[in-house]
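Chain B: place on chain A using the hints.
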Amino acid sequence: MKRVQFRVLYREFLFRIVDLELLSAHAEGDSRTLLGQFASLLIFFSVILALGAGLFAANVKDGRLPPVMYLIGAWTMEHFLIATTMLAVGLFAVLSWESTFPDRRDVLVLGALPVRARTLFLAKVAAVASALGVTLAALHVLAGIAWPLALAEFDAEPGPALVFDAPLPPVRAADFPAVMNRDIVPMLRRLDLAAADGGAGIVIGYPSTG
Amino acid sequence: MRLELRNVSKRFPGVLAVDDVSFTAPAGEITGYLGPNGSGKSTTMKMIAGLIEIGSGEILFGGEPIRRDPIAHKQRMGYVPEEPHLYAHLSGLEYLVMVGQLRGLPGKRTAERIDGLLRLLSLHADRHSPISSYSKGMRQKILLAAALLHDPDLLLDEPFSGLDVSSALVLRNLVQELAARGKVILFSSHELETVERVSSRVVILHRGKVVADDSIAHLRVLRSAATLEDVFSQLAVEQDSAAISREIADLIRA
Chain A
0 MKRVQFRVLY
10 REFLFRIVDL
20 ELLSAHAEGD
30 SRTLLGQFAS
40 LLIFFSVILA
50 LGAGLFAANV
60 KDGRLPPVMY
70 LIGAWTMEHF
80 LIATTMLAVG
90 LFAVLSWEST
100 FPDRRDVLVL
110 GALPVRARTL
120 FLAKVAAVAS
130 ALGVTLAALH
140 VLAGIAWPLA
150 LAEFDAEPGP
160 ALVFDAPLPP
170 VRAADFPAVM
180 NRDIVPMLRR
190 LDLAAADGGA
200 GIVIGYPSTG
Chain B
0 MRLELRNVSK
10 RFPGVLAVDD
20 VSFTAPAGEI
30 TGYLGPNGSG
40 KSTTMKMIAG
50 LIEIGSGEIL
60 FGGEPIRRDP
70 IAHKQRMGYV
80 PEEPHLYAHL
90 SGLEYLVMVG
100 QLRGLPGKRT
110 AERIDGLLRL
120 LSLHADRHSP
130 ISSYSKGMRQ
140 KILLAAALLH
150 DPDLLLDEPF
160 SGLDVSSALV
170 LRNLVQELAA
180 RGKVILFSSH
190 ELETVERVSS
200 RVVILHRGKV
210 VADDSIAHLR
220 VLRSAATLED
230 VFSQLAVEQD
240 SAAISREIAD
250 LIRA
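Just so you know, the protein sequences line up as chains A and B, in that order.
Sequential numbering from 0 applies to the first sequence in numbering that gives the first Met the number 0.
Sequential numbering from 0 applies to the second sequence in numbering that gives the first Met the number 0.
Some clues are possibly wrong.
[Said to hold, decoys possible] The following label-pair restraints were derived from C-beta to C-beta distances:
#: 1; chain 1: B; residue 1: Pro64; chain 2: A; residue 2: Ser39; range: 19 to 29 angstroms
#: 2; chain 1: B; residue 1: Gln74; chain 2: A; residue 2: Ser39; range: 41 to 51 angstroms
#: 3; chain 1: A; residue 1: Ala128; chain 2: B; residue 2: Gly106; range: 44 to 54 angstroms
#: 4; chain 1: B; residue 1: Pro64; chain 2: A; residue 2: Val3; range: 21 to 31 angstroms
#: 5; chain 1: B; residue 1: Arg66; chain 2: A; residue 2: Ala128; range: 41 to 51 angstroms
#: 6; chain 1: B; residue 1: Ser121; chain 2: A; residue 2: Arg103; range: 26 to 36 angstroms
[To be verified] Some chain A residues near chain B, calculated using beta-carbon distances under 7 angstroms:
#: 7; residue: Val3
#: 8; residue: Val108
#: 9; residue: Gly110
#: 10; residue: Ala111
#: 11; residue: Leu112
#: 12; residue: Pro113
#: 13; residue: Val114
#: 14; residue: Thr118
#: 15; residue: Leu121
What the hints contain is simulated information worked out from the structure, not anything from laboratory work.
Everything numeric in this text was worked out from a predicted model, so none of it was measured.
Note that beta-carbon positions come from the ideal geometry of N, C-alpha and C, so glycine has one too.
Chain A extracted, bound-state conformation (with noise of 0.2 angstroms):
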């Protein structure tokens, strides 16, 4: 019976996760009809950044622009649609807000109702999670699929990238004259801080005192 009464509220209150009539005065209360609108109007959005994926790819086939500026579209791109789901996350967050926890309405519509207050709980937190994977996946819904797509077409010189370099293994003290010819003295050698026949040397001192 948990199981049924976690359905049925997950259900109610899925579709009156905002206050709805808050939001929009032409859906009169009806939250399908509003959710629906609210879900229309994200795919709107992601149905317009779909298109700027579109032209995008059109301008690397045809080669019209520099590859630097082709890189920083593709940046410029990724951290919009990172910085449009944090924002639909936030304002998702901020308006559902309320509706996470029981309000008196519930309370004085429920608790008479042979139903636990865990069950209650749980099924608003289900709710307000299932809103908001919808609200990102109609956000995303083409620009998530079009932008990389788009971006597959890039061939540009890679930028700067973050590559593995294996660790120096350690070196005896004895050793260490070595390394430094090999790799410090080319350099100081380059700023005429050593003689073109000289060398490196290690120099160790500790003070001691008594």
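The following block gives chain B in isolation, referenced to the frame of chain A:
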């Protein structure tokens, strides 16, 4: 089977809303629960319904303290609150289906029962309309249907404001029929005539305390009163209503 309150008290910050209330509501009888505004009547009803915690004392139903297993208690109880709190975006039918599911009632039988209740309560034609478009009386009928859906053993009833005459008559006969079938019914209303007609016993509350717990007939004899309203006026009304009415009329004329 009976509902029993033993020395129940409830304190809100700065106010003792219910003060050491004890009474018994037996099965097969409609117990009227009366009191002026702020007497602690609704608070008691909410404690019995499990909407708020019991401050002190004990509430027993069928000999079992209700706080031992509140979920089992709520399975056996139907509550029609004074204020019609509902999910207004749902239709009447959707709301009743939701209540049936939350009560774990079997689908097909519940659907038939909902259909029957909606017909008998004259709500069938509006069953698909959102509750937000319902009148207060219609909302109360939905609450009544929701409270009766699972055939409860205990009915806490605070209705009748906003109902039309024919619906009020139906509901009055209904609570009597349910009592005759062995249900425990605690009936709270400000309409004393209605209470006098449906109840055999009344509990009168004043400033959180029980000031009368007896049969209506006995109370009338004791108080030398012609009606329950007269009894109520003697026990729970402190103001001189005629004098106040005159003062208000004078005030607005001045």
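Evaluation of the provided hints:
Taking 19 to 29 angstroms as the suggested C-beta distance range, the pair Pro64 (chain B) and Ser39 (chain A) does not conform, at roughly 53 angstroms. Judged by the Cβ atoms, the range 41 to 51 angstroms given for Gln74 (chain B) and Ser39 (chain A) holds: they are separated by roughly 42 angstroms. Range check, Ala128 (chain A) to Gly106 (chain B): about 28 angstroms between beta-carbon atoms, so the 44 to 54 angstroms window is missed. Range check, Pro64 (chain B) to Val3 (chain A): Cβ separation about 27 angstroms, and the 21 to 31 angstroms hint holds.
For the pair Arg66 (chain B) and Ala128 (chain A), the beta carbons lie near 33 angstroms from each other, so the given range of 41 to 51 angstroms is not met. Between Ser121 (chain B) and Arg103 (chain A) the C-beta distance comes to about 30 angstroms, which sits within the given range of 26 to 36 angstroms. With 7 angstroms as the threshold, the beta carbon of Val3 (chain A) comes within range of chain B, its nearest partner Cβ sitting at about 6 angstroms, so the hint holds. Interface restraint check: Val108 (chain A) against chain B, minimum CB-CB distance 5 angstroms, threshold 7 angstroms, status holds.
At about 4 angstroms, the closest approach between the beta carbon of Gly110 (chain A) and any beta carbon in chain B falls short of 7 angstroms, and the interface hint on this residue holds. Annotation: Ala111 (chain A) was flagged as interfacial toward chain B, and the flag holds, the nearest CB pair being 4 angstroms apart, inside 7 angstroms. Of the supplied interface hints, the one on Leu112 (chain A) holds, with its beta-carbon coming within about 5 angstroms of a beta-carbon of chain B, less than 7 angstroms. Hint status for Pro113 (chain A): holds, given a least beta-carbon distance of 4 angstroms to chain B, under 7 angstroms.
At its closest, the beta carbon of Val114 (chain A) sits 6 angstroms from a beta carbon of chain B; the interface hint therefore holds under the 7 angstroms criterion. With a cut of 7 angstroms, the hint placing Thr118 (chain A) at the interface with chain B is violated, because the nearest CB-to-CB distance is about 9 angstroms. Nearest Cβ of chain B to the Cβ of Leu121 (chain A): about 14 angstroms, over the 7 angstroms cut. The hint is violated.
Comparing the model with each earlier hint shows violations of hints 1, 3, 5, 14, 15; every other hint is respected.
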